[in-house]
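Enquirer: Spelled out from the first residue to the last, the chains are:
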Amino acid sequence: MKRSKTMSLALMGMCPFVITACGEQKQEALIYPSVQVCIEDGKLDAAQCQAEFENAAKEHERSAPRYASEHDCSNEYGASQCYRPSGSNYFLPLLAGYMIARATSPSNYYGGSMGRAHPLYHSRYEPSTWRTPEGYRIGSGQGKVMVPESATRPKVSASSMFRGGFGSQASARSSWGS
Amino acid sequence: MKRITCAPRPHWQQLAEHLGFHFHSINNAPYWDETAYYQFSLQQIEHDLEAPTAELHQMCLALVDQIVKDETRLKQLKIPEFYWNMLAESWQQKSPSIYGRMDFSYDGKGPAKLLELNYDTPTSLYEAAFFQWIWMEDQIRAGQLPESADQFNSIQDALIERFKSIAAEDKTFSAPLYFASVRDSIEDKGTTDYLRDVAHQAGWVTEYIVLEDIGWTTDSGFVDLNNSPIVNLFKLYPWEFMFHEAFGPFIPYASTRFFEPPWKSILSNKGILPLLWQAYEGHPNLLPAYFLDEALAPAPGWVVKPLFSREGANVALHTQNGEQVFVDGPYTDAGWIRQACQPLPNFDGNYALIGSWVIGNAAVGIGVREDASLITQDSSHFVPHIIL
Chain W
1 MKRSKTMSLA
11 LMGMCPFVIT
21 ACGEQKQEAL
31 IYPSVQVCIE
41 DGKLDAAQCQ
51 AEFENAAKEH
61 ERSAPRYASE
71 HDCSNEYGAS
81 QCYRPSGSNY
91 FLPLLAGYMI
101 ARATSPSNYY
111 GGSMGRAHPL
121 YHSRYEPSTW
131 RTPEGYRIGS
141 GQGKVMVPES
151 ATRPKVSASS
161 MFRGGFGSQA
171 SARSSWGS
Chain U
179 MKRITCAPRP
189 HWQQLAEHLG
199 FHFHSINNAP
209 YWDETAYYQF
219 SLQQIEHDLE
229 APTAELHQMC
239 LALVDQIVKD
249 ETRLKQLKIP
259 EFYWNMLAES
269 WQQKSPSIYG
279 RMDFSYDGKG
289 PAKLLELNYD
299 TPTSLYEAAF
309 FQWIWMEDQI
319 RAGQLPESAD
329 QFNSIQDALI
339 ERFKSIAAED
349 KTFSAPLYFA
359 SVRDSIEDKG
369 TTDYLRDVAH
379 QAGWVTEYIV
389 LEDIGWTTDS
399 GFVDLNNSPI
409 VNLFKLYPWE
419 FMFHEAFGPF
429 IPYASTRFFE
439 PPWKSILSNK
449 GILPLLWQAY
459 EGHPNLLPAY
469 FLDEALAPAP
479 GWVVKPLFSR
489 EGANVALHTQ
499 NGEQVFVDGP
509 YTDAGWIRQA
519 CQPLPNFDGN
529 YALIGSWVIG
539 NAAVGIGVRE
549 DASLITQDSS
559 HFVPHIIL
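Protein chains in written order, with this note's numbering: chain W, 1 to 178; chain U, 179 to 566.
Here chain W stands alone, though its shape is the one from the complex:
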């Protein structure tokens, strides 16, 4: 037989999603859906759990994906999972949890000024999988977990910024698919 045995569409048609795991350099992190769960886990003390949550919340305000409409945001994150911060003209997903990545310096094991607290979200189609603001998926664990190293890097703010540097030749000519 010289043809494919089955045929399906995951995104273009009306079919469900299928997700598989990834594999890259991993490192330790702590993931909690709330300050309470962090305290119960006992790896950090209550003050640390609270402080890291506040760091993640600040990072959330800075780096959560911004959407022009609630509809666009809900498409990604689910119904009633988005809100508009007061005084702003964009929508953000609700903070679903936070991750404290192990610091690279051995003298400061978790969190604090050497570590990084990251906001985490759940997406609409994967309500138990954690997602970083950049969209990296890091499993559905809680407490001490192993996460891809690239997911623990902080999102940098754009210092010098350009957009639209691709596409001008196409509008100068009429078509480009071949």
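Think of the hints as simulated: they come from the structure by calculation, not from any bench.
Heads up, a few of these hints could be off.
[Claimed, not checked] List of simulated lysine-lysine pairs, DSSO-like, C-alpha gap at most 27 Å:
| no. | chain 1 | residue 1 | chain 2 | residue 2 |
| --- | --- | --- | --- | --- |
| 1 | U | Lys342 | W | Lys2 |
| 2 | W | Lys26 | U | Lys342 |
| 3 | U | Lys247 | W | Lys26 |
| 4 | U | Lys291 | W | Lys2 |
| 5 | U | Lys256 | W | Lys2 |
| 6 | W | Lys2 | U | Lys180 |
| 7 | W | Lys5 | U | Lys342 |
| 8 | U | Lys256 | U | Lys272 |
No experiment lies behind these values; they were computed from the predicted model shown.
With chain W held as given, fit chain U onto it using these hints.
Expert: For chain U alone, coordinates are given in the frame of chain W:
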């Protein structure tokens, strides 16, 4: 090789819309055409299309290996010197490619003749991989085709495997793979959506971004609308355009991994045809081809083409019998080639062109397009095929 008329499936347009095929008709003129199909024998497929496609592909890769180190040929291909190192590195690092399409003139009898390589941004993929497969299954179930009918098309299976194997060897797999196409083309969005779908089925996290929305920051390189770094980028957009655009100079400094990789720009250039003829003169599946310094009207039996045109634009054709066809267009600013004219076979007034798909390094399927003109253009129809 036969062309057989048949009845379209009732409600096929609704099915197409339901399956994301929004460009089945273009400006109310049909593009997908199921009023007919082509029939090939297994011998014709395996001997005359599948095997030569695989062989030509290997010949092309061997040529890329030489060209990346050869200033003279890089200059003949009009690739700007600024990018030569980037091309060489992407080849030496074996940056993986996903797909390409060879276009052949083939009439079922003589050897298929390679007209062009579309090896950077080939389209008609969804129609060839998915929609014609569904058509055949439906027509077998409806009793319009015998159960023994087959099709040279394992393109979707091959695409999913290819995306899986790229993920398996890759350090950047957990980062989303972005899919980009230009803002205003429904057809390009359809092809891009389809590739995104198969990548997703292979386990990648995927995103779509309009090509013109890609940004650049000094901290993160190429970024999306949230200024998140784009680590993996599939672009349905030609390298030869990007080389000359505002973001071109940033590309060698970006850590973005591109699909198709930069070395593919060597093969998606009609200058590869004279270089193939130089290296493999007399090969039964190749046509004589030579570089031209300027556009000339072709002599009888020759076709003149620009290095970088698409959809038949700026092609001038002159058959041995004196028939002349010319398609105008905007691709007049780079080099030219001439190629011996191998007219497409005529089936009831339809000139048929075979698009043979290479996924990874394997020949895995074909799609047939027809045009009322000897030069296949945007107005062409996609027609399904069977093996019987």
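Enquirer: State for each hint whether it applies.
Expert: Here's how the hints hold up against the structure:
{"no.": "1", "hint": "Lys342/U x Lys2/W", "verdict": "holds (21 Å)"}
{"no.": "2", "hint": "Lys26/W x Lys342/U", "verdict": "holds (20 Å)"}
{"no.": "3", "hint": "Lys247/U x Lys26/W", "verdict": "violated (38 Å)"}
{"no.": "4", "hint": "Lys291/U x Lys2/W", "verdict": "holds (22 Å)"}
{"no.": "5", "hint": "Lys256/U x Lys2/W", "verdict": "violated (39 Å)"}
{"no.": "6", "hint": "Lys2/W x Lys180/U", "verdict": "holds (19 Å)"}
{"no.": "7", "hint": "Lys5/W x Lys342/U", "verdict": "holds (17 Å)"}
{"no.": "8", "hint": "Lys256/U x Lys272/U", "verdict": "holds (23 Å)"}
Violated hints for the displayed structure, listed by number in ascending order: 3, 5.
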